[in-house]
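Number of protein chains: 4
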Amino acid sequence: MPELDALRDSLREFAAERDWEQFHSPKNLAMALSVEAAELMEHFQWRSEEQSRHPTAEELAGIREELADVLLYLVRLADQLGVDLLESAQAKILVNASKYPVDKSRGNSRKYTEI
Amino acid sequence: MPELDALRDSLREFAAERDWEQFHSPKNLAMALSVEAAELMEHFQWRSEEQSRHPTAEELAGIREELADVLLYLVRLADQLGVDLLESAQAKILVNASKYPVDKSRGNSRKYTEI
Amino acid sequence: MPELDALRDSLREFAAERDWEQFHSPKNLAMALSVEAAELMEHFQWRSEEQSRHPTAEELAGIREELADVLLYLVRLADQLGVDLLESAQAKILVNASKYPVDKSRGNSRKYTEI
Amino acid sequence: MPELDALRDSLREFAAERDWEQFHSPKNLAMALSVEAAELMEHFQWRSEEQSRHPTAEELAGIREELADVLLYLVRLADQLGVDLLESAQAKILVNASKYPVDKSRGNSRKYTEI
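Chains as they are written, first to last, in numbering that gives the first Met the number 0: chain A, 0 to 114; chain B, 0 to 114; chain C, 0 to 114; chain D, 0 to 114.
Since the hints were made in silico from the structure, they are not lab data. All values derive from a computational prediction rather than experimental measurement. Here a beta-carbon is modelled for each residue, glycine too, at the ideal position from N, C-alpha and C. Keep in mind that a hint or two might mislead.
Stated by the list, open to error - Ranges between beta-carbon positions, derived for each pair:
#1 D:Asp83 to B:Asp18: 49 to 55 Å
#2 B:Gly61 to A:Arg11: 23 to 29 Å
#3 D:Met0 to B:Gln21: 49 to 55 Å
Stated by the list, open to error - To give an idea of the interface, some chain C residues facing chain A are shown, with a C-beta separation under 10 Å as derived from the structure:
#4 Ala36
#5 Trp45
#6 Gln89
Using the sequences provided together with the hints, build the complete structure.
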């Protein structure tokens with residue numbers, strides 16, 4: 000079974016068992032996702048870009064948890080909206096590829112506003 | 000090949016072709032992720048929770064793009080830090096399960112701070 | 000002395016005494032501001048809009064601290080960029096007033112994307 | 000009249016004229032504030048810290064608008080919660096001063112997590 004579908008199903012079961020669907024409106028899940036993204040960013044706050052490339056083992060353990068939280072809320076939110084997350088991401092990569100042609104984007108500081 | 004690994008590899012190639020690794024420090028990627036999470040949240044701003052459950056087809060198209068952007072930056076950030084995103088998410092679900100036992104968490108407004 | 004100028008001066012002194020100007024780049028301050036805004040939002044997460052209007056005294060104490068943090072980083076960031084915060088806010092109110100004429104905006108769910 | 004009180008009153012009038020109080024729950028205003036903080040941060044995304052200290056005149060015009068939006072939502076949110084923003088900020092500076100004594104915090108990378 001595709002891995003994101005497995006995560007989605009685990010989260011459905013998790014919420015159902017606790018009767019939490021009532022709280023999982025897209026509005027609330029988007030807020031929670033945004034809060035987790037900020038907690039993730041906080042690990043790199045006041046660090047230089049170079050320092051951010053070399054977290055300590057302890058820092059990395061905390062970062063890993065925040066990365067996980069973001070993915071869990073993202074999968075849950077996509078599920079509540081009936082969106083296929085993987086399909087959307089694959090489509091977006093194609094959009095970005097045509098938006099940022101290799102020859103014109105190479106190391107170009109005006110263009111790297113997308114992955 | 001696992002789907003998140005495939006996404007990770009596509010993003011590696013995308014950045015390498017454009018010589019963008021230099022800009023993809025964890026600090027910058029965490030900022031970008033946080034900005035995308037806010038753009039996603041913006042779709043539900045000023046809406047009621049109920050309204051957020053029923054976006055129009057046009058709204059959903061925009062939401063789908065933001066969901067994709069968040070996943071792409073998340074996968075890229077995890078890769079730059081050498082973190083296995085799927086493994087971390089599966090581990091976090093177990094942590095949450097023990098943190099929020101079904102019997103004590105059922106519909107409990109003090110407990111649903113996690114998925 | 001205008002109150003925001005007094006805050007600005009206190010923050011200048013605070014940073015100078017600790018030799019923290021080096022860390023107070025607009026990029027870092029904007030990240031810190033965004034993190035504080037998320038911590039503020041977290042207080043209302045999982046609450047209904049109605050509940051958010053009635054925090055407990057204990058919750059309000061925490062909210063007050065986050066409101067203060069946002070203002071402090073905002074004043075510091077504006078100062079680092081040489082922006083007159085008050086003047087900018089007064090100008091923005093005029094922009095919004097012409098953007099959202101009273102007669103067309105009254106209780107209108109398509110328009111209230113600004114204050 | 001103190002400048003923040005004047006802003007607060009302008010925003011009260013602005014909302015009342017448009018019958019927008021109904022949308023200005025603390026939950027919604029905190030979301031809007033967080034979105035504006037992200038739009039502000041977006042101006043510095045992909046820039047180096049040094050670059051962020053030198054925006055172009057055009058960039059600065061956009062940044063000024065975002066700084067204003069953050070202040071407007073912050074003042075409106077504090078008002079909806081009955082919080083004196085200035086008083087809270089002055090109190091927080093004192094808290095930070097005792098939390099980060101000059102002698103121990105000087106240029107210290109472990110301590111500068113506050114302004």
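Right, here's what the structure says about each hint:
Range check, Asp83 (chain D) to Asp18 (chain B): Cβ separation about 51 Å, and the 49 to 55 Å hint holds. The hint said 23 to 29 Å for the Cβ distance between Gly61 (chain B) and Arg11 (chain A), and at roughly 25 Å that hint holds. For the pair Met0 (chain D) and Gln21 (chain B), the beta carbons lie near 51 Å from each other, so the given range of 49 to 55 Å is met. Interface restraint check: Ala36 (chain C) against chain A, minimum CB-CB distance 8 Å, threshold 10 Å, status holds.
Below 10 Å, beta-carbon pairs count as interface contacts, and Trp45 (chain C) has one with chain A at about 6 Å; its hint therefore holds. Annotation: interface hint on Gln89 (chain C) violated; nearest CB of chain A at approximately 29 Å, more than 10 Å.
The structure fails hint 6 only (numbered hints given earlier).
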